[in-house]
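S.K.: Chains as they are written, first to last, in the numbering used here: chain A, 8 to 433; chain B, 8 to 433.
Keep in mind that a hint or two might mislead.
The list cannot tell twin chains apart, which means a pair is met if one copy fits it or any two copies do.
[Claimed, not checked] Below are the DSS-like pairs computed for lysine-lysine, each with C-alpha atoms no more than 25 Å apart in a straight line: (1) 316 with 73; (2) 354 with 342; (3) 24 with 273; (4) 348 with 42; (5) 354 with 339; (6) 24 with 261; (7) 266 with 24; (8) 296 with 316; (9) 356 with 342; (10) 39 with 356; (11) 272 with 26; (12) 402 with 339; (13) 426 with 342; (14) 356 with 24.
Because the hints were derived from the structure by calculation, they are not lab data. Just so you know, these numbers come straight off a predicted model, no measurement behind them.
2 protein chains.
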Amino acid sequence: MSEPSFLTATEALKLIKQKKLSRYEWVQSCIKRIKERESITQAWTFVNFDEALIQAKKFDDMTSEKFGIPIGAKDIIDVAGMPTQMGTSFYQHNIPARDAASIAISKDAGCIVIGKTVTTELGHRHPGPTTNPHNPKYTPGGSSSGSAASVADFMVPITFGTQTTGSIIRPAAYCGVIGYKPTYGDFDKSGILPNSPSLDTLGLIARSIEDLQLMRSIVIEEIINSEKNIDVKKIKFAFVRTPHWEDQTDECTKNELEKFFESLKKLNFDIHEQNLDELIIEASEIHTKISGFEFKRSISAERINHFSKLSEILRNGRLSDGINMSLLTYRKLQKQSEYNKLRIEEKLKQYDCIITPSAPGEALNALDYTGSPIFNTTWTLAGMPAITLPLFKSKNNLPIGCQIISHRNNDEFLLELGKFLLNEFS
Amino acid sequence: MSEPSFLTATEALKLIKQKKLSRYEWVQSCIKRIKERESITQAWTFVNFDEALIQAKKFDDMTSEKFGIPIGAKDIIDVAGMPTQMGTSFYQHNIPARDAASIAISKDAGCIVIGKTVTTELGHRHPGPTTNPHNPKYTPGGSSSGSAASVADFMVPITFGTQTTGSIIRPAAYCGVIGYKPTYGDFDKSGILPNSPSLDTLGLIARSIEDLQLMRSIVIEEIINSEKNIDVKKIKFAFVRTPHWEDQTDECTKNELEKFFESLKKLNFDIHEQNLDELIIEASEIHTKISGFEFKRSISAERINHFSKLSEILRNGRLSDGINMSLLTYRKLQKQSEYNKLRIEEKLKQYDCIITPSAPGEALNALDYTGSPIFNTTWTLAGMPAITLPLFKSKNNLPIGCQIISHRNNDEFLLELGKFLLNEFS
Numbered sequence: 008m009s010e011p012s013f014l015t016a017t018e019a020l021k022l023i024k025q026k027k028l029s030r031y032e033w034v035q036s037c038i039k040r041i042k043e044r045e046s047i048t049q050a051w052t053f054v055n056f057d058e059a060l061i062q063a064k065k066f067d068d069m070t071s072e073k074f075g076i077p078i079g080a081k082d083i084i085d086v087a088g089m090p091t092q093m094g095t096s097f098y099q100h101n102i103p104a105r106d107a108a109s110i111a112i113s114k115d116a117g118c119i120v121i122g123k124t125v126t127t128e129l130g131h132r133h134p135g136p137t138t139n140p141h142n143p144k145y146t147p148g149g150s151s152s153g154s155a156a157s158v159a160d161f162m163v164p165i166t167f168g169t170q171t172t173g174s175i176i177r178p179a180a181y182c183g184v185i186g187y188k189p190t191y192g193d194f195d196k197s198g199i200l201p202n203s204p205s206l207d208t209l210g211l212i213a214r215s216i217e218d219l220q221l222m223r224s225i226v227i228e229e230i231i232n233s234e235k236n237i238d239v240k241k242i243k244f245a246f247v248r249t250p251h252w253e254d255q256t257d258e259c260t261k262n263e264l265e266k267f268f269e270s271l272k273k274l275n276f277d278i279h280e281q282n283l284d285e286l287i288i289e290a291s292e293i294h295t296k297i298s299g300f301e302f303k304r305s306i307s308a309e310r311i312n313h314f315s316k317l318s319e320i321l322r323n324g325r326l327s328d329g330i331n332m333s334l335l336t337y338r339k340l341q342k343q344s345e346y347n348k349l350r351i352e353e354k355l356k357q358y359d360c361i362i363t364p365s366a367p368g369e370a371l372n373a374l375d376y377t378g379s380p381i382f383n384t385t386w387t388l389a390g391m392p393a394i395t396l397p398l399f400k401s402k403n404n405l406p407i408g409c410q411i412i413s414h415r416n417n418d419e420f421l422l423e424l425g426k427f428l429l430n431e432f433s
Numbered sequence: 008m009s010e011p012s013f014l015t016a017t018e019a020l021k022l023i024k025q026k027k028l029s030r031y032e033w034v035q036s037c038i039k040r041i042k043e044r045e046s047i048t049q050a051w052t053f054v055n056f057d058e059a060l061i062q063a064k065k066f067d068d069m070t071s072e073k074f075g076i077p078i079g080a081k082d083i084i085d086v087a088g089m090p091t092q093m094g095t096s097f098y099q100h101n102i103p104a105r106d107a108a109s110i111a112i113s114k115d116a117g118c119i120v121i122g123k124t125v126t127t128e129l130g131h132r133h134p135g136p137t138t139n140p141h142n143p144k145y146t147p148g149g150s151s152s153g154s155a156a157s158v159a160d161f162m163v164p165i166t167f168g169t170q171t172t173g174s175i176i177r178p179a180a181y182c183g184v185i186g187y188k189p190t191y192g193d194f195d196k197s198g199i200l201p202n203s204p205s206l207d208t209l210g211l212i213a214r215s216i217e218d219l220q221l222m223r224s225i226v227i228e229e230i231i232n233s234e235k236n237i238d239v240k241k242i243k244f245a246f247v248r249t250p251h252w253e254d255q256t257d258e259c260t261k262n263e264l265e266k267f268f269e270s271l272k273k274l275n276f277d278i279h280e281q282n283l284d285e286l287i288i289e290a291s292e293i294h295t296k297i298s299g300f301e302f303k304r305s306i307s308a309e310r311i312n313h314f315s316k317l318s319e320i321l322r323n324g325r326l327s328d329g330i331n332m333s334l335l336t337y338r339k340l341q342k343q344s345e346y347n348k349l350r351i352e353e354k355l356k357q358y359d360c361i362i363t364p365s366a367p368g369e370a371l372n373a374l375d376y377t378g379s380p381i382f383n384t385t386w387t388l389a390g391m392p393a394i395t396l397p398l399f400k401s402k403n404n405l406p407i408g409c410q411i412i413s414h415r416n417n418d419e420f421l422l423e424l425g426k427f428l429l430n431e432f433s
């Protein structure tokens, strides 16, 4: 058997059921991996190994079923007793008494929170120390930097991340793992730092779709009837290049996506090009303004009480986008956003899903910039569920993601489709 | 001069400008009043008098303009350094490092947070110790119990409350003060315990409309162009009795509202009866289910980690409403809610505002039940702004509120109208 930390949660749970693996050994293996790799990957802001091992032992000894899945939580998500530092220098002593809802539910099902993963500053752009597990000179992406890197580096099988623009899909794509941003509102956000509340979405990063399905079922506290029998031949795909295709997408990403498009056509899938350029440009403008306005308000405590300790990029980025907007303008933008969403839905109603890049290219050869979310903005604004699949490789042998998006509330279908595409094309 | 604690904030600030009152004296007077009355009214869960006096002194000594308004915050709203106990027995040591956005902004403008006001348990129904300042055998209403009682008892001029059903309007009406629930989303909610996030609204309680206008301007960080010149003779009023009129409204409330309706007619105001019974009944059913589902999720940490310490009424009330509902059912209800809202807007588009009771009657002669929110549910679900004005008295000489509701984003008009009605009819 390979090291348990390299297993997906679903694989490990199977071995546990067969008594070939204990939860204790699983957690121990994850801890070992973290200890080996953390000095390079720097995915964690806080860990509690002792407590994790105690929990694992306890679950092994219990007769009732507790999963024992080792997980990590982005450090804007409260875990009782662990500091929530939010990628800042001034919240070392911010130790919540209360678990975020998602954490309380996960723990109750037997997930073991090993620790908190690195986030960019307040979930915006200023990066933490995390590096890309495929090459430590490259960015892991952000803002869920540690959540993506820790999963990619086989430290834990599953992590929680959040996305306001592209903060799950991009780092997952850069790190070569599977990112999943649910339909807006699917996962409760109590106990998570709001960034831009009408956009913020709690989601997951893992190395298999089965793990995402399991974890989704845990978080929403429902047994999900996966659409096991989707007839892939009947799925209608839209291939959306977006207005960023010509100038802002690297050659390799374009080539891989075009080849994938051609393969699907050749295999007689029902796939068509769909141009949404106008709506995507409009969505991007609306997103910048709405997220700016909401961010300025949500982080009032930091903006007012800790301004001098905030990064330049935060002050001049999303914060400055929002600082001079009136409530009235914001209200008008919300209506425009609603109208943008309706028109996107209308244009896409004949399709089951969209195929588009996850990011403009491979991870950047830089650690001071987590990359551009241009390929994520529209779908986040529209509240649509998205996944990124590690289907391609760049010339530098770095992962390139393929983003699949579906209609709101169509998450089960999207995950099942992701499973099919991974099986066929990776 | 009367005791400064009896002044509204606007009145006190005028005296401060004229150098007839210092902020220190103002805060001192509020503290004196709290010390005199708190053993009966029990409006506070935590106070920090020393720090409040230090702040007031500091603002007096500064050359820059800081208001120095003493305020209270409902104890589900985080104030850094003060425990957020949420009306439970298990969060005495839950001391946030971070101010809620509304608190950070208010402090920055020079508001002085005297302390935290009593909330019902987690903002649901189980009451705290607060009594009604008009008669300590009567409930102050809830869930913003201490926020209403402290203002009514002249302890502070303004408090923050929150409303998920009727949690600002009802206690303000019962305590004979002015409650204001803004348009959904107008005030940011970062740092406030979510109860049912798609309904939760941060709002204010005060003894004058001018104070509400000032505080609204502070919280949204904008200078508001009040519609000073509203032509009251052109305002179109809808008088809405609701389906609860016959069986669930006490005689006195009905009589006072009918008399008010007749007065407005006689004064040639453009006022018409409007029947919304079907939509109100539907809204009530949708609200119960949506709030139940969201509450169950938001308070996962308490439901899972502290279940045995939760009240019977919480377990059997909103929590049980939500516990067996699926995400799919919830999604359908959200669509129904949207459709309900659109039909209400359509029915009301010819009017500028609605007049309807704030509560079924005077405060109840009981301390174990904070009263029914049936007159608030519809407007909260629709996200419409509402105020309650202390226009009437019951036979027991207890206050009875008149609720005025307007269209979303019409808050400035609503407050200005409230000012006119108070001037003319109280």
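S.K.: Against each hint, give a clear statement of whether it holds in the structure.
M.R.: Comparing the hints with the structure gives:
1. For the identical chains of this complex, residue 316 and residue 73 are inter-copy neighbours only, at 24 Å across copies versus 42 Å inside a copy, given an alpha-carbon limit of 25 Å.
2. For the homomeric pair residue 354 and residue 342, the shortest alpha-carbon distances inside one copy (19 Å) and between copies (21 Å) are both at most 25 Å.
3. Within a single copy, residue 24 and residue 273 get their C-alpha atoms no closer than 42 Å, and across copies no closer than 79 Å, so neither meets the 25 Å cut-off.
4. For the identical chains of this complex, residue 348 and residue 42 are neighbours neither inside a copy (45 Å) nor across copies (55 Å), given an alpha-carbon limit of 25 Å.
5. In this homomeric assembly, residue 354 and residue 339 come within 25 Å of each other (Cα to Cα) both inside a single copy, at 23 Å, and across copies, at 23 Å.
6. Taking the shortest Cα distances, residue 24 and residue 261 never come within 25 Å of each other, neither inside one copy (43 Å) nor across copies (66 Å).
7. For the identical chains of this complex, residue 266 and residue 24 are neighbours neither inside a copy (41 Å) nor across copies (73 Å), given an alpha-carbon limit of 25 Å.
8. For the identical chains of this complex, residue 296 and residue 316 are intra-copy neighbours only, at 24 Å inside a copy versus 44 Å across copies, given an alpha-carbon limit of 25 Å.
9. Taking the closest pair of Cα atoms, residue 356 and residue 342 come within 25 Å of each other both inside a single copy (21 Å) and across two copies (18 Å).
10. For the identical chains of this complex, residue 39 and residue 356 are neighbours neither inside a copy (48 Å) nor across copies (65 Å), given an alpha-carbon limit of 25 Å.
11. In the homo-oligomer, the alpha carbons of residue 272 and residue 26 never lie at most 25 Å apart, since the shortest distance is 45 Å inside one protomer and 80 Å across protomers.
12. Neither within a single protomer nor between protomers do residue 402 and residue 339 lie at most 25 Å apart by alpha-carbon distance, with minima of 45 Å and 47 Å respectively.
13. With identical chains, the CA atoms of residue 426 and residue 342 are never at most 25 Å apart, being 36 Å at best within one copy and 30 Å at best between copies.
14. With identical chains, the CA atoms of residue 356 and residue 24 are never at most 25 Å apart, being 43 Å at best within one copy and 62 Å at best between copies.
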